[in-house]
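Colleague: Make a model of the complete structure from these sequences and hints.
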Amino acid sequence: MADMQPGKTADDFARDADRPGQLYLVWLIVLGLALANIGLSTLELGRYALVLQLAIATVQATLVCYHFMHLKQGDKVVILTALASVFWVGILFVLFMADYMTRHLVID
Amino acid sequence: MSASTHTAALKHHFEDLEQQHSSERLGMWMFLATEVLFFGGLFGAYTCYRLWYPAEFEYASSFMNLKYAAINTCLLITSSLTMTLAIRSARLGDRQGIYQNLLLTFALGAAFLVIKGFEYAHDFHENILPGTSSFGGEIKKGAESLGLDTGKVRLFLCFYYTMTGIHGIHILVGLGCILWLVLENYRGKLPPANYSTVEVVSLYWHLVDVIWLFLMPLLYLAGAHIHHAH
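Chains as they are written, first to last, in our numbering: chain A, 614 to 721; chain B, -5 to 224.
Don't take each hint at face value.
[Claimed, not checked] From chain A, some residues computed to sit far from chain B (all C-beta separations above 10 Å):
hint: 1; residue: L718
hint: 2; residue: V719
hint: 3; residue: I720
hint: 4; residue: D721
[Claimed, not checked] The calculated DSSO-like cross-link candidates involving lysine-lysine, where the alpha carbons are at most 27 Å apart (straight line), are:
hint: 5; chain 1: B; residue 1: K110; chain 2: B; residue 2: K135
hint: 6; chain 1: B; residue 1: K61; chain 2: B; residue 2: K146
hint: 7; chain 1: B; residue 1: K135; chain 2: B; residue 2: K146
hint: 8; chain 1: A; residue 1: K685; chain 2: B; residue 2: K5
hint: 9; chain 1: B; residue 1: K61; chain 2: B; residue 2: K110
hint: 10; chain 1: A; residue 1: K689; chain 2: B; residue 2: K5
Worth flagging that the hints you see were computed from the coordinates, not collected in a lab.
The model shown is predicted, which means the values in this text are computed figures rather than measured ones.
Beta carbons: idealized from backbone N, C-alpha and C, even for Gly.
Modeller: This is the structure we're talking about:
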């Protein structure tokens, strides 16, 4: 087994490396969104505050997952795993909320 | 790079390096899915209580130190950048670059914990604590004068300490993993064919960062619109 072809050379690894410019850009955008999130939260936004904060957090998370965590690379099973984790947390939230948010309907 | 370096990196139960790297990535992502569920439980519980007791949760959140949170957020986001640059260095066979980027990531993560320490010290000093006797000071007086339920305010503080504490432990584990990578680099075990070793640790690190990106708004920004005269 020791003489099996690895299939890739050092040049392949180097060629597939991230472009630093792109990484710096993503970094600046995520940083900017964080500061915007904090800044906007100091304003009186009422009920929209939470939705806006979580929306910004979701955009940041998507950028980090796509560029930094290399979902951009397109490993299908990896993308499936990432989406599955969101789905499973979704089940968790649906079940929690179905209970907690409807208790007032049955308890006086 | 000689063929022997490639075959040294290739483990015998894989067909080729591409399959090996894919498997390593998938394995870490499966673990990350369990971590998402781990924190998901805490986030779910927080969501229910925040929707039940919005006034008390926003009030309690207004006592959280937004300056420290902002600095910490910037530190973590930057550490994600340097960690990704470490993967790039590994792919390029740049050993010095690996050292620099890993140690930078470590420094940023450690700085996060140091600032968290100052934050907790400040909270302890101000009696911003969930215990029956430890809860006091301005946060207690203000809640009582506003007619808010102090029990619900203390519930928020339970979430604050549990969530930031467990997140802090995850950062600590991540720092340990980064130090291990530095050691592996010193041993010459991170040639380009083995870049995925750096990548799997970086996946964990990025997840810890993403968790903070959601944690921060929920704990610190809920009451950011309430301005106290400190």
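Colleague: Does each hint hold? Answer for all of them.
Modeller: Results for each hint:
1. The claim that L718(A) is not at the interface with chain B holds, since no C-beta of that chain comes within 10 Å of its own (minimum 14 Å).
2. Chain B leaves V719(A) outside its interface by the beta-carbon criterion, the shortest separation being 15 Å against a cut-off of 10 Å.
3. Against the 10 Å criterion, I720(A) stays outside the reach of chain B, whose nearest CB is about 12 Å from its own CB.
4. Against the 10 Å criterion, D721(A) stays outside the reach of chain B, whose nearest CB is about 16 Å from its own CB.
5. Using a Cα cut-off of 27 Å, the hinted pair K110(B) and K135(B) holds, with the two alpha carbons roughly 25 Å apart.
6. For the given pair, K61(B) sits about 25 Å from K146(B) by alpha-carbon distance, which is consistent with the 27 Å threshold.
7. Using a Cα cut-off of 27 Å, the hinted pair K135(B) and K146(B) holds, with the two alpha carbons roughly 14 Å apart.
8. Restraint check for K685(A) and K5(B): the C-alpha separation of about 26 Å stays at or below 27 Å, so the hint holds.
9. Taken as a hint, the K61(B) and K110(B) pair is honoured in the structure, with Cα atoms around 11 Å apart against an allowance of 27 Å.
10. For a cut-off of 27 Å, the pair hint linking K689(A) to K5(B) stands: about 23 Å separates their Cα positions.
Violated hints: none; the structure is consistent with every hint.
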